[in-house]
Structures are given as structure tokens and as C-alpha cells.
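Sequential numbering from 1476 applies to the sequence shown in my numbering.
Derived by calculation from the structure, the hints in this document are not laboratory data.
Some clues are possibly wrong.
Label-pair distances were calculated between CB atoms; the ranges are [said to hold, decoys possible]:
(1) G1725 with D1534: 37 to 45 Å
(2) R1658 with G1768: 26 to 34 Å
(3) G1507 with G1725: 37 to 45 Å
(4) G1772 with R1658: 42 to 50 Å
(5) N1516 with V1761: 27 to 35 Å
(6) V1776 with E1515: 21 to 29 Å
(7) P1566 with D1642: 24 to 32 Å
Note that beta-carbon positions come from the ideal geometry of N, C-alpha and C, so glycine has one too.
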Amino acid sequence: MSSGDVLALDGVSRSFGSIAALRGVTLAAGEGEIIGLLGENGSGKSTLLRLMAGLLRQDFGDIAWWGQGRLDRGSFRRIGVLFDHLGHWDPLTGYENAWYFARSYGLAPGAARSRLDILFGLLDLRERQNDPVATYSYGMRRKLALIEALAHEPRLLLLDEPSMGLDYHARLTLYTLLQDAARAGTTVIVASNDMHEAAALATRVVLFRNGQVIANGPPQVLLRSLDRAIRIDIRLTAPIAPDRLNGIPGVEGVSEETDGGGASFLRVLGRADSDGGTSAFLARVVTEVVEQGGRIGGLEVGAPSLGDLFLRSPGDEP
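Full structure from sequences and hints, please.
Here is the structure:
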């Protein structure tokens, strides 16, 4: 752990019975960073956040906060969290819930009133702050949870899918709040499934698959590793198994995806060689699909995005 690290994990593993949620994760976070933890559901992101918050203990490996291997009361007060399960007292008002959290984190009454007034206004919840939480919509509950996480101006902010359930205006407000917090020195770690959001917001992204880190770096650096790569989306009227295309020269990964309408398609990530370029690579893929018994109903070729790093085989270096 370097002197500038707020949080450091070294070889951290955690299992739940026979299920390995995390496998030897090593990761450090510095002051003022916004780190996006990206991965599919079940990849280990939420487990990692709970370990970082001190709410779970690792089976193996070491975790250090501000150079210390344990969290004392003072350190806990420097952390703000938002998880998928929102802990509110429904009979109490939104303001009463937020007031409890702000005071529990050590804010003096005057500071708590001032900070909560700002946050309820920014997140457009002021008109409903005196209503019972039982009357809140899901999106309003998410806004309240963000207020509770941000009220004490934590030095380490751990957020699980913070934009989920928020409207467009609230998302923009959230991004501004996180960027302002980072500029003030807060370390922000956000678990998300939204690749576009992470690429726009995070100063560094960490990609997870099956409880392991498969890529770690600034978004623009990771995207440069996909230079000259090609993404092919193939819609089939007669489907084939994705693994039947893995043996094609130049193919780096294949997966079955689903579009917004629920229709499935194959996504192929590959790299054209100097002999024939993109056209030759595309011809090889189409020929193999047909030879395997697939019937093509549509095909799109484009540049890959950050999420396409997940298509690489485990041995590929991003």
C-alpha cells in the first residue's frame, strides 16, 4: 500500500459456502479517484463493496483503510455507503431518516441542518422531505439513500448502482455531486452495470468476471487496447451455440446477447489481420456461421466499446 492509498486490497478472497464470490482480488484506491467497478450480476462487485465498508470479513488476503488493517469508530464515520437494500424507517419522514444518519455519523446539529437542506434541494426532494418514507416511490427512496450517504461528506464513498431508479435530472445531479466530492479529495467507488456511465464518470475502471479482476485502468487506456478490433452483431433465424465460433482465426470472444426488445443475437469480438483486413475477417465469421447451420437474419459491424472487454478469453491481456 502506498502512502497515497485510501483503501488497499491484497489477494482478497471471499466465498459463500461452495460459491467463490471473490478470487484473489488486489486493488488500491487513491485520494480523489472515482473508480467504477464493472461486471455482470454475480461477478462479485457487491460483495467487494461490503468488504470495503467493513460489513463483511474476507476469507483470505488483507484490506487496509488509510494504512490501518481494521476500521475503528472514527474510520467508520469517514465512510459513506449506498447498497441495493435500502435501510429506511418507513413511518418516519424522509428528513427524520436523513437526520438520524447525519447525526449518527457525528455531524453537529447546525452542520446537519445546513448539509441536509442543500442535499434535499439538489436532489429535488425538499417538497416531500416531511412526508413518511412509506409514501415514497422507489426513485425517491434512492434519492434519500444518496442524501444519507453524502450528508457527512465522507472521505470514502461506496455506492452500489447509485443511478438506478433515478430520473435524468437526478442522474446529472448525482454525477455533479460525485465529481465535486472527488475534487475535494473524497475517494468514490461505484459498482455499476452501465458501461457508458462508467466511461464518462470514472477516472479508472475495474472490470470483474467470476470474482476476478480482468482489467484495471483509465477508460481511455482500456479502450485503446481495442484499437483495430471489430465487433460483429449477428441476428440468427436459426441459432447456433456461441462457442462454435471461437476457433475462427482472429476471434477473441463470442457471447450471446439480448437487445432492448428481448431478441437474442451473437456478438463477436475480433481483430482483422493484414491479409484481407476487415472484409476477410467478416467473411470468415459469416462462412463459419453458415457452415455450422446458422441462418443470418441481420448483421451489424462496428467499433467495440468498453463492455466488449468482457468478451475476451480469460488469458487475453487487455
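To see whether the hints hold, each was checked on the structure:
As the Cβ distance of G1725 to D1534 is approximately 40 Å, the hint placing it in 37 to 45 Å holds. R1658 and G1768 have their C-beta atoms about 56 Å apart, which leaves the hinted 26 to 34 Å range violated. At about 40 Å, the beta-carbon gap between G1507 and G1725 stays in the expected band of 37 to 45 Å. As the Cβ distance of G1772 to R1658 is approximately 49 Å, the hint placing it in 42 to 50 Å holds.
Separation of N1516 from V1761 is about 32 Å and conforms to the stated range, judged on CB atoms against 27 to 35 Å. Between V1776 and E1515 the CB atoms are about 24 Å apart, so this pair conforms to the stated range of 21 to 29 Å. One distance hint, 24 to 32 Å for the beta-carbon pair P1566 and D1642, holds here, with the actual separation near 26 Å.
The structure fails hint 2 only (numbered hints given earlier).
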